[in-house]
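Participant: This is what each chain is made of:
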Amino acid sequence: MTDAVIRLPLAVVEGIHLAGLVEEFTDVLAGSDGEPDPGLSRLTPDPYPEDAEASAEFAAATHDDLLDRRTADAAVVRNGLTPFLTIAAEDLAEDDALARQDVVIPASDIDAWLRTLTALRLVIATRLDITAEDDEHDLEDPRFGVYDWLGFRLDGLIALADAHDEYSAH
Amino acid sequence: MGMSTPIATPDLGEATDLQATPLEPWEVVVWNDPVNLMGYVARVFRTYFGYSAEQATTLMLAVHNDGHAIVATGPRETMEVHAQAMHDYGLWATVRKAPQ
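Going down the list, the sequences are from chains A and B.
All residue numbers for the first sequence refer to the numbering used here, where the first residue is 1 and numbers rise by one.
All residue numbers for the second sequence refer to the numbering used here, where the first residue is 171 and numbers rise by one.
By construction, these hints were calculated from the structure, which means they are not laboratory data.
C-beta: ideal position from N, C-alpha, C; glycine also.
Just to be clear, a hint being listed does not mean it is correct.
To be verified - Covered stretches of chain B, as calculated for chain A (at least 3 residues, CB under 8 Å):
1. 207-215
2. 250-262
Stated by the list, open to error - Label-pair distances were calculated between CB atoms; the ranges are:
3. Gly220/B - Glu140/A: 39 to 49 Å
4. Asp91/A - Thr243/B: 53 to 63 Å
5. Gly244/B - Glu140/A: 42 to 52 Å
6. Arg7/A - Gly220/B: 20 to 30 Å
7. Ala59/A - Pro204/B: 19 to 29 Å
8. Leu231/B - His137/A: 33 to 43 Å
Stated by the list, open to error - So these bits of chain B aren't anywhere near chain A, every CB distance computed over 12 Å:
9. His234
10. Thr243
11. Gly244
12. Val265
All chains, full assembly: derive it from the sequences and hints.
Facilitator: Given below as structure tokens:
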């Protein structure tokens, strides 16, 4: 089933916001040669925390490729969000902003989507210094809202992807 | 052991290539983190390693409750490939020699 798709339900304003986040993420990935963004360190974990030499060897052999794959994943997601890129959120009436506009994701792209939404949350979590599952969320900090919203949409997308796999298996 | 001469003397010239000794097993360990969703971790184990949904959930719960789980065992190079894939998925994976 090459034409199988998964529909991610989003409000227009969510699509615009997500597209913006993915653009920003792509910039962070591209700039990783210069000043290392601390958020990226969580995306390239050290597989040999007790062996500095093996660690350095692994990083040298894999680090750039890993970021290239992340960039490719992010490009897939950005592509899927193209319809939202030309809409200016501030020009929208409230009704239009909250109108539903599903994103149609080819099943073959689902891993790129899940990996990218996960990576976005990891970067935000690093910046927010979230270190425990029950960390208090500072309600004054809007980034927590973004983090929780991404988690909500990612959770929904995982459920849709799992349901799709189950359906395809029968 | 007595001092008698061995019955057969091993031929040390050949068959002692240390590179060819049996491969020591290594393992991939996935560690708990506060960010990744439980359903996501289970899905990665199922779709990447080919575990059944039940096995994948058991492993995910081990990560969640025990702080880590061994998700693969085998030659070091293969384990490094798996660890890279886990990192692609945003999971926190390390590679270590399996305890003998």
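Participant: Tell me the hint numbers this structure goes against, listed in increasing order.
Facilitator: The structure conflicts with hints 8, 9 and 12, although it agrees with all the remaining ones.
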